[in-house]
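Protein chains in written order, with the working numbering: chain A, 380 to 512; chain B, 380 to 512; chain C, 380 to 512; chain D, 380 to 512.
Hint data in this document are derived by calculation from the structure and do not stem from the laboratory. Backbone N, C-alpha and C fix where the C-beta goes; we use that ideal spot for every residue, glycine too. One should not assume that every hint holds.
DSS-like cross-link-like pairs, simulated, lysine-lysine; straight-line CA separation at most 30 angstroms [what the hints assert, rightly or not]:
#1 A:K445 to D:K389
#2 A:K462 to A:K445
#3 A:K445 to B:K466
#4 C:K445 to D:K466
#5 C:K462 to D:K445
#6 C:K445 to D:K445
Covered stretches of chain D (chain C as the covering partner; in silico rule of three or more C-beta atoms under 8 angstroms from a C-beta of chain C) [as the list claims (entries may be wrong)]:
#7 383-395
#8 435-449
These are the residues of each chain, in order.
Protein chains: 4
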Amino acid sequence: MQYRFTLRQKVRDYECDLQGIVNNANYQHFCEHARHEFLHAQGISFADLHARGIDAVVARVTMSFKTPLRSGDEYLSCLNVSKVGPKYVFRQDIYRLPDHALSLRATIDNVCVVNGTLSMGVPELDALLENEK
Amino acid sequence: MQYRFTLRQKVRDYECDLQGIVNNANYQHFCEHARHEFLHAQGISFADLHARGIDAVVARVTMSFKTPLRSGDEYLSCLNVSKVGPKYVFRQDIYRLPDHALSLRATIDNVCVVNGTLSMGVPELDALLENEK
Amino acid sequence: MQYRFTLRQKVRDYECDLQGIVNNANYQHFCEHARHEFLHAQGISFADLHARGIDAVVARVTMSFKTPLRSGDEYLSCLNVSKVGPKYVFRQDIYRLPDHALSLRATIDNVCVVNGTLSMGVPELDALLENEK
Amino acid sequence: MQYRFTLRQKVRDYECDLQGIVNNANYQHFCEHARHEFLHAQGISFADLHARGIDAVVARVTMSFKTPLRSGDEYLSCLNVSKVGPKYVFRQDIYRLPDHALSLRATIDNVCVVNGTLSMGVPELDALLENEK
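Between the sequences and the hints, there should be enough to build the whole structure, so can you do that?
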C-alpha cells in the first residue's frame, strides 16, 4: 500500500497501561500527531490555524486494533487523505517495526470550523489535496 | 434512552488542548473509565482480571463527536453492553451537563484474551450480561 | 493537618502504567486538577483567566512520592495556599483512601503572566488569600 | 554543560493545554522517556526489569520551569546520573531548539524496589554508573 506521509516513532513507556501494552486511547494521539506532522511538512500549523480562527476538529473516528504495541517497539505511522463533502478523510495505518505487522487501521474524519461555524473546507487544506494528484 | 450504567464526571483542564476543547483521545479515556467503573460496580476489577491472565482488550472503536466538552463542563458517561460472538459490545454515550447535549456517541468492541489466546468470553463477564435481562 | 480545600477522586485505570501503579506524571495532573477545582469553588476559572490574558503558570514543582496509588484506589487531594513574593505557593498532599496513607507531598509554585509579562500577582487570586485568614 | 545522554524530540500538539503551551505534567513524561531511552541504549529495559520483579520508581522530583515549549518546538532532553545512598539521581535538562533556551531543569531521584522491598540498588544499574567514569 502506498501512503502520502509516513512518520517513524517509538513507544514511550508511559503510554503503556497495566496490561503492558499501549493504551488504546494513545493510538488516537499517534494518529493526531501524524496528521499534524503531515500538515507541518506542507507548511501548515495546527496552532496557527487555530490562532486565525480555523479549527480542524475530529468528527468521527473508526479504529480497528490489530497487533498491540509494547514497550520498546518502534512503529511507522502512515496516512492518506481525501475529501468527501466537507470532510477531510484521513486513512491512517500504524505498523510495528521491524516486522511491519499491522497494529492499527483507522479512518478519521475531520471538519473545519471557521470562527465557530462549520465550513465546507479551507483553501490551504484543499490545496494540499490538489498537490496529491 | 435507557442505560445500564451512568457515571457523572467533570472535565479536567489538562484534558483540553490548545483549541480549548477536550482533546478527542480523552473521550476514549472517558469511555474506558466508564466501562471499568461499570465492571467495578459488578465486583469485577480490570486489574484483577489481568493478574489472573484475562485481558479485556479493545478490538474496535467507532466514535462520533458531537458537542465538544470544555473547561468546567460536567458530563454524564452512559453505557449499555451486549454480546455478539466473542465480542462484548459497549454502546457508550456522553452527555454534557446540565443541558444533556450529546457530546459523544461510541461503539466499542472488546474481546477477552486469556493467557495470550483469544477466547469466546469469560464466565464473569457473561454473567454480567445475564443480569441485564 | 488542616487544609483549605479537599477533593475526593478515584484512580482511573489508564493512569496506571505497566508497573500497575499510577504513573508519576499523573500526580502532577491530580495536583493541577485540585488547584483548578479550588479556584473554581471560589468563582475563578483557569480558562477565563487565560481568555482575559492572565496565565497562571507553574514555576517550580517539588514532589515526594510515598505510598503508590493503584487501580481501584480512591484518594483525597488536599491543598493550602500562601504567597511568597510573586509566587502563589500551593502545598498539596494526596492521601489514599480509606486508610489515609500519605501518597504524595508536593509544593507547587505558580506565578501569573499577564499579557506575556510576569506580574506580582492578580487581584482575584490575592483576594483568595485574604479570605483565608 | 556535558551530558551523559541526549535525546532530540518534538512537541506533539496534544501535549499542549488550553494556554497553548506544553502542560507541565508532560515534562515529567519527557524526563521519564529520556531516562528509559538512556537505559535502553545501555541494553536495559524498564519493562524487562519489571517482569523480573525489579521496579525502578520515582521517589522525588524537583522541576524548575523556564522557557515554555509550544506547538511545533523541537527540544533536546539531556541527562546525567549519579548515586547517593540507594538513590539513582538523574539531573535532567530540557532545551528548546534551535536556540537552546533552557526549558526545564529537573532532579529526579529513583529507587529500586525488588519484589516489593526497597533495595540499595541493582547490579545492572550500578554497572551503568561504573561505565560513566
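Status of each hint after checking the structure:
For the suggested pair K445 (chain A) and K389 (chain D), the alpha carbons sit about 27 angstroms apart, so the restraint of at most 30 angstroms is met. For the given pair, K462 (chain A) sits about 26 angstroms from K445 (chain A) by alpha-carbon distance, which is consistent with the 30 angstroms threshold. Proposed proximity of K445 (chain A) and K466 (chain B) is supported: the alpha carbons are some 15 angstroms apart, at most 30 angstroms. Under the criterion of a C-alpha separation no larger than 30 angstroms, the hint pairing K445 (chain C) with K466 (chain D) is consistent with the structure, at around 15 angstroms.
Distance restraint check for K462 (chain C) and K445 (chain D): the Cα-Cα separation of roughly 20 angstroms lies within the 30 angstroms cut-off, and the hinted pair is therefore satisfied. As the CA atoms of K445 (chain C) and K445 (chain D) are separated by approximately 27 angstroms, the hinted pair is consistent with the 30 angstroms bound. With a cut-off of 8 angstroms between beta carbons, the region 383-395 of chain D has 0 residues touching chain C; three or more are needed, and the interface restraint is violated. Coverage of the region 435-449 of chain D by chain C holds. Counting CB-CB distances below 8 angstroms, 10 residues qualify, and the rule asks for three or more.
Of the numbered hints stated above, the single one contradicted by the structure is hint 7.
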